[in-house]
Amino acid sequence: MSNIFNFLANPSRFKIFAEKVNPFLLIIMFVFIAVGLWFGLFNSPPDYQQGETVRIMYVHVPAAWMALMVYLSMTIMSIFSLVWRHPLADILSKSSAPIGATFTLIALVTGSIWGKPTWGTWWVWDARLTSVFILFLIYMGHIAVVRAFEDEYKGARAAAILTLFGAFNLPIIKFSVDWWNTLHQPASVIKLDGPSIHIDMMTPLIIMAVGFLFFYLSFLLINVQTELNQRKLKKLFIKKLNLN
Amino acid sequence: MKVFFKLVFRDVYLVIKGASDAGAAILFYLLAIIMFPLSSGTDTSLLTTIAGGAIWMTAMFASLLSLDRLFRSDFEDGSLEQLVLSGISMELIVLSKCLAHWITNGLPIVLLSPILSIIIGLDFEYWWILGLTLLIGTPSLTLIGATPAALSCAIGKGGVLTALVLLPLMLPVLILGSGAITAEISGLGGSGHIYALSAILPISLLISPFLASKSIRLGWE
Chain A
1 MSNIFNFLAN
11 PSRFKIFAEK
21 VNPFLLIIMF
31 VFIAVGLWFG
41 LFNSPPDYQQ
51 GETVRIMYVH
61 VPAAWMALMV
71 YLSMTIMSIF
81 SLVWRHPLAD
91 ILSKSSAPIG
101 ATFTLIALVT
111 GSIWGKPTWG
121 TWWVWDARLT
131 SVFILFLIYM
141 GHIAVVRAFE
151 DEYKGARAAA
161 ILTLFGAFNL
171 PIIKFSVDWW
181 NTLHQPASVI
191 KLDGPSIHID
201 MMTPLIIMAV
211 GFLFFYLSFL
221 LINVQTELNQ
231 RKLKKLFIKK
241 LNLN
Chain B
245 MKVFFKLVFR
255 DVYLVIKGAS
265 DAGAAILFYL
275 LAIIMFPLSS
285 GTDTSLLTTI
295 AGGAIWMTAM
305 FASLLSLDRL
315 FRSDFEDGSL
325 EQLVLSGISM
335 ELIVLSKCLA
345 HWITNGLPIV
355 LLSPILSIII
365 GLDFEYWWIL
375 GLTLLIGTPS
385 LTLIGATPAA
395 LSCAIGKGGV
405 LTALVLLPLM
415 LPVLILGSGA
425 ITAEISGLGG
435 SGHIYALSAI
445 LPISLLISPF
455 LASKSIRLGW
465 E
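As you go down the protein sequences, you meet chains A and B in turn.
Anchor point for the first sequence: position 96 equals 96 in my numbering, and the numbering is continuous, going up by one each time.
Anchor point for the second sequence: position 10 equals 254 in my numbering, and the numbering is continuous, going up by one each time.
It is worth saying that the hints were derived from the structure and are not from the lab.
What you are looking at is a predicted structure, and each value in this text was computed from that prediction instead of being measured.
Treat each hint with caution, since some may be false.
[Stated by the list, open to error] Pairs of lysine-lysine residues, derived as DSS-like cross-links and limited to a Cα-Cα distance of at most 27 Å, are as follows:
id, chain 1, residue 1, chain 2, residue 2
1, A, K239, A, K154
2, B, K401, A, K235
3, B, K401, A, K234
[As the list claims (entries may be wrong)] Ranges of calculated distance between the beta carbons of each label pair, as one might list FRET restraints:
id, chain 1, residue 1, chain 2, residue 2, range
4, B, V328, A, D178, 43 to 53 Å
5, B, P358, A, P45, 56 to 66 Å
6, B, G433, A, S196, 27 to 37 Å
7, A, N229, B, F248, 47 to 57 Å
8, A, F7, B, E465, 27 to 37 Å
9, A, L233, B, I347, 25 to 35 Å
10, B, R254, A, V83, 26 to 36 Å
Even for Gly, the Cβ is constructed at its ideal location relative to N, Cα and C.
Given only the sequences and the hints, what does the whole structure look like? Please build it.
Here's what the structure looks like:
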């Protein structure tokens, strides 16, 4: 296993790997999201209280999961980049941030659209909503810091420090619905005594979640390729300048 | 330990002497508080409800303003580098800077808060909870702010970017601090908020010296 990691640790080898793997990831993503959407929109029961509006869940919940997942992976990458000073970890973390911010925004917007018919309001300042909003701001701060440095190596290290600092927010988001009395409902899928959600609703939810995971992976690889190409271009440019 | 207090004394002395503009942040704090009654009307019942939040918000902005310069002047004229070269650990320097910042910025805010709470119309019986939350909260603000302040030194340009990075990290302190006052006024009791708020202080005391000194070193690489 560690051989694979060592093999991929080289950025140029990683780029070749990414180019080969990415089409498959994209296909898997499209299949899962298409099937999940079909299940979610047509082949799952409406909620006994909320009616058809419950179908927003199949986008909202996976997006919120991914918002946390992406930040968690960025935290792990930051530890890699601070401890082992790994260039690939820097690039992966930098490329993850915009995707994570997008997922967070999707979760916030769909949650707001869902909240209007069920809660009667677009937005409330309860613990879950506020902490997710803070997560979005932290993502934006990360994106700004990475790009603020002239030297991309320094920018990545600074962003890694910031990511570690912002990681305090993850447990707050996860447990905010248990620690405080919130309008947002408590966890019903990922909890200790098993999911309390019916299997008919669980199936499209899980399919969509897998689709979103592959969405993250494939777009991460695309971002990494772009980043690596940009760095290569810069190097070529400098080389050319030196020759002249 | 002797070195630590010498460092703290040096920074506090510099502020009192007027060599650093950190004292201006306190003036900003006073001015910003006065803005609230002037901008949202002098209706007493309205002011009573927003008073706690207003004082907390201005306290946060006041420390934000001065935090940007926490390491900057020493970083730029090289004295920070000399201190590290002389064998003092970076983490100790960060802690001393934070303590000095709190003495010159946080402590005046805490001491002024009972008087300001009268000006802004908070019921006088609640001044103790305002003082208590500020007493616990302002050191956390300083410690949380140390890392972004150090990062802004490493970047070389601060200002808006520091604020952008810092404010989301400071928000939990603000929420808990002003939440305690609101909960106490509404009769629910603010102790829950205060417990959570006092949990932030040791955690940030533990984490931020390491992350801040790492960020400072990043500027030297």
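Now the hints, each set against the structure:
1. K239(A) - K154(A): 22 Å, holds
2. K401(B) - K235(A): 26 Å, holds
3. K401(B) - K234(A): The given pair, whose Cα atoms are some 24 Å apart, holds under the 27 Å limit.
4. V328(B) - D178(A): 43 to 53 Å: 44 Å Cβ-Cβ, so the 43 to 53 Å window holds.
5. P358(B) - P45(A): 56 to 66 Å: Since P358(B) and P45(A) have Cβ atoms about 59 Å apart, the given range 56 to 66 Å holds.
6. G433(B) - S196(A): 27 to 37 Å: Since the Cβ atoms of G433(B) and S196(A) sit about 32 Å apart, the hinted range of 27 to 37 Å holds.
7. N229(A) - F248(B): 47 to 57 Å: This hint holds: roughly 50 Å between Cβ atoms.
8. F7(A) - E465(B): 27 to 37 Å: 29 Å, holds
9. L233(A) - I347(B): 25 to 35 Å: 51 Å, violated
10. R254(B) - V83(A): 26 to 36 Å: 34 Å, holds
Checked against the numbered hints listed earlier, the structure breaks hint 9 alone; every other hint is satisfied.
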